[in-house]
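With these hints in hand, go ahead and build the complete structure from the sequences.
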Amino acid sequence: AQSVAQPEDQVNVAEGNPLTVKCTYSVSGNPYLFWYVQYPNRGLQFLLKYITGDNLVKGSYGFEAEFNKSQTSFHLKKPSALVSDSALYFCAVRFSGGGADGLTFGKGTHLIIQP
Amino acid sequence: GAVVSQHPSWVICKSGTSVKIECRSLDFQATTMFWYRQFPKQSLMLMATSNEGSKATYEQGVEKDKFLINHASLTLSTLTVTSAHPEDSSFYICSARDGKKETQYFGPGTRLLVL
Numbered sequence: 001a002q003s004v005a006q007p008e009d010q011v012n013v014a015e016g017n018p019l020t021v022k023c024t025y026s027v028s029g030n031p032y033l034f035w036y037v038q039y040p041n042r043g044l045q046f047l048l049k050y051i052t053g054d055n056l057v058k059g060s061y062g063f064e065a066e067f068n069k070s071q072t073s074f075h076l077k078k079p080s081a082l083v084s085d086s087a088l089y090f091c092a093v094r095f096s097g098g099g100a101d102g103l104t105f106g107k108g109t110h111l112i113i114q115p
Numbered sequence: 001g002a003v004v005s006q007h008p009s010w011v012i013c014k015s016g017t018s019v020k021i022e023c024r025s026l027d028f029q030a031t032t033m034f035w036y037r038q039f040p041k042q043s044l045m046l047m048a049t050s051n052e053g054s055k056a057t058y059e060q061g062v063e064k065d066k067f068l069i070n071h072a073s074l075t076l077s078t079l080t081v082t083s084a085h086p087e088d089s090s091f092y093i094c095s096a097r098d099g100k101k102e103t104q105y106f107g108p109g110t111r112l113l114v115l
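So the sequence lines, in the order shown, correspond to chains A and B. Residues in the first sequence are numbered consecutively from 1, following this note's numbering. Residues in the second sequence are numbered consecutively from 1, following this note's numbering.
Keep in mind that the hints are not guaranteed to be accurate.
From chain A, some residues computed to sit far from chain B (all C-beta separations above 12 Å) [unchecked claim]:
(1) 9
(2) 22
(3) 80
Selected chain B positions facing chain A (in silico; Cβ < 10 Å) [as the list claims (entries may be wrong)]:
(4) 32
(5) 34
(6) 41
(7) 44
(8) 94
(9) 95
(10) 108
For the record, the hints were derived by calculation from the structure and aren't laboratory data. Note that CB positions come from ideal geometry on N, CA and C, so glycine has one too.
And the structure:
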């Protein structure tokens with residue numbers, strides 16, 4: 001079975017400071033990893049993904065994430081936070097072993113950027 | 001690109017009635033779509049995988065006779081909540097998988113309130 005852990009319910013960062021939202025995963029085989037952002041009463045917006053290749057992936061709105069196989073982590077990062085980055089962030093994983101399985105999501109992390 | 005729409009965005013219905021929710025991929029073809037359910041302040045839970053031209057695959061614990069899924073074309077999947085009850089009230093989100101990009105794109109969600 002595959003699972004995703006987001007250990008922090010909430011992360012508070014001052015505007016302009018770097019931010020990190022943590023994610024660890026458990027999956028059989030090679031993982032496909034994703035980050036999505038959700039604004040209130042809205043669906044999810046795709047930020048970035050890791051499928052294969054470079055461990056550091058860059059995505060929308062200046063976000064990036066680093067795939068670390070040994071630590072089974074895929075932390076989301078941004079060098080300089082904006083107030084508009086405040087939202088709910090979900091990490092998700094699926095097994096790359098074929099088929100069309102849906103994503104398994106973490107519980108989400110509220111990111112709050114303080115002016 | 002990669003836009004997924006849902007209709008309606010919200011619906012209020014009486015207990016015992018049926019509600020149909022549409023999910024469309026607007027600028028790509030999706031042989032596979034997914035239906036998720038999100039309770040307040042919780043993560044997304046996969047309900048079922050909708051396959052174009054074949055029966056949907058339901059996750060354990062999801063009643064297939066209650067949540068009817070039809071994937072009529074490469075751009076349209078529908079979820080019908082039959083004989084709705086107040087406990088079915090939730091936020092229903094669909095996604096469409098762009099196989100070329102190995103990415104799921106999410107609709108804006110449908111908020112269902114059953115009175």
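Going through the hints against the structure:
| no. | hint | result |
| --- | --- | --- |
| 1 | 9 | violated, 10 Å |
| 2 | 22 | holds, 15 Å |
| 3 | 80 | holds, 26 Å |
| 4 | 32 | holds, 4 Å |
| 5 | 34 | holds, 4 Å |
| 6 | 41 | holds, 8 Å |
| 7 | 44 | holds, 5 Å |
| 8 | 94 | holds, 8 Å |
| 9 | 95 | holds, 8 Å |
| 10 | 108 | holds, 4 Å |
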